[in-house]
Amino acid sequence: MAIHVVLATLLAATSVLGAPTADCPEPYGVQTYAHPEYCDHFFKCTNGTLTLEQCENGLLYDGKGNVHEHCNYHWAVECGTRKAELVPINAPGCEFAFGIYPNAPCSTTYNKCAFGVPHEAHCEAGLAYDDRTHSCNWPDLLLDVCNPEGDTEITKMRFLRIKISSSG
1 MAIHVVLATL LAATSVLGAP TADCPEPYGV QTYAHPEYCD HFFKCTNGTL TLEQCENGLL
61 YDGKGNVHEH CNYHWAVECG TRKAELVPIN APGCEFAFGI YPNAPCSTTY NKCAFGVPHE
121 AHCEAGLAYD DRTHSCNWPD LLLDVCNPEG DTEITKMRFL RIKISSSG
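No gaps in the numbering here: position 60 of the sequence shown is 60 in full-length UniProt numbering, and each next residue is one more.
Any given hint could turn out to be false.
Subject to a maximum C-alpha distance of 30 angstroms in a straight line, what follows is the list of computed BS3-like cross-link-like pairs (lysine-lysine) [as the list claims (entries may be wrong)]:
1) Lys112 / Lys83
2) Lys64 / Lys83
3) Lys64 / Lys112
4) Lys83 / Lys44
5) Lys64 / Lys44
6) Lys112 / Lys44
Label-pair ranges, simulated between beta-carbon atoms [claimed, not checked]:
7) Gln54 / Thr81: 12 to 20 angstroms
8) Thr49 / Leu143: 51 to 59 angstroms
9) Leu143 / Phe115: 29 to 37 angstroms
10) Asn147 / Tyr28: 52 to 60 angstroms
11) Phe115 / Gly48: 42 to 50 angstroms
12) Leu143 / Asn103: 16 to 24 angstroms
13) Thr81 / Ala125: 38 to 46 angstroms
14) Asn47 / Tyr101: 33 to 41 angstroms
15) Val30 / Ala84: 17 to 25 angstroms
16) Gly48 / Pro102: 42 to 50 angstroms
17) Glu26 / Phe115: 27 to 35 angstroms
18) Thr49 / Gly93: 18 to 26 angstroms
If you are wondering where the hints come from, they were derived from the structure by calculation, not from laboratory data.
C-beta: ideal position from N, C-alpha, C; glycine also.
Use the sequences and the hints to build the structure in full.
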């Protein structure tokens, strides 16, 4: 009985907000819909049952589910006018529970955080982590944070890139 009351309250609230109503468009399968006001919330229909869901810390809804439960990294989602409240967790190595963060400027490793736990990842040989693109890149494209002449690891990476380029 309590479940029916909670569901009825949720459905009444979603009808007021202009989101999907008690009747999900599809009776089977899983469909998701953006919340009209909040970028970190979304509606999910599972076999005709509507629920209000919230993305994990550091994630926002984009419907693609690239990272976790239909949500993606906050820097990869366009929210438009929908609000997004991102509150850092300040765990060692993780600003948010989910995210990708550099270990140090011009580093060949980075942290990929899931549920607030950092997991060290490595760039391919010759590359360094680029925080602007959240991916690995050639170090000579990162001159604003890398000093290829003063960093022996970067000098080795540049030599490797030249060697790979000239052998192809």
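Going through the hints against the structure:
no., hint, verdict
1, Lys112 / Lys83, "25 angstroms, holds"
2, Lys64 / Lys83, "19 angstroms, holds"
3, Lys64 / Lys112, "19 angstroms, holds"
4, Lys83 / Lys44, "19 angstroms, holds"
5, Lys64 / Lys44, "13 angstroms, holds"
6, Lys112 / Lys44, "27 angstroms, holds"
7, Gln54 / Thr81: 12 to 20 angstroms, "19 angstroms, holds"
8, Thr49 / Leu143: 51 to 59 angstroms, "53 angstroms, holds"
9, Leu143 / Phe115: 29 to 37 angstroms, "35 angstroms, holds"
10, Asn147 / Tyr28: 52 to 60 angstroms, "58 angstroms, holds"
11, Phe115 / Gly48: 42 to 50 angstroms, "30 angstroms, violated"
12, Leu143 / Asn103: 16 to 24 angstroms, "19 angstroms, holds"
13, Thr81 / Ala125: 38 to 46 angstroms, "44 angstroms, holds"
14, Asn47 / Tyr101: 33 to 41 angstroms, "38 angstroms, holds"
15, Val30 / Ala84: 17 to 25 angstroms, "23 angstroms, holds"
16, Gly48 / Pro102: 42 to 50 angstroms, "44 angstroms, holds"
17, Glu26 / Phe115: 27 to 35 angstroms, "30 angstroms, holds"
18, Thr49 / Gly93: 18 to 26 angstroms, "38 angstroms, violated"
Taken one by one, the earlier hints fail for this structure at numbers 11, 18, listed in ascending order.
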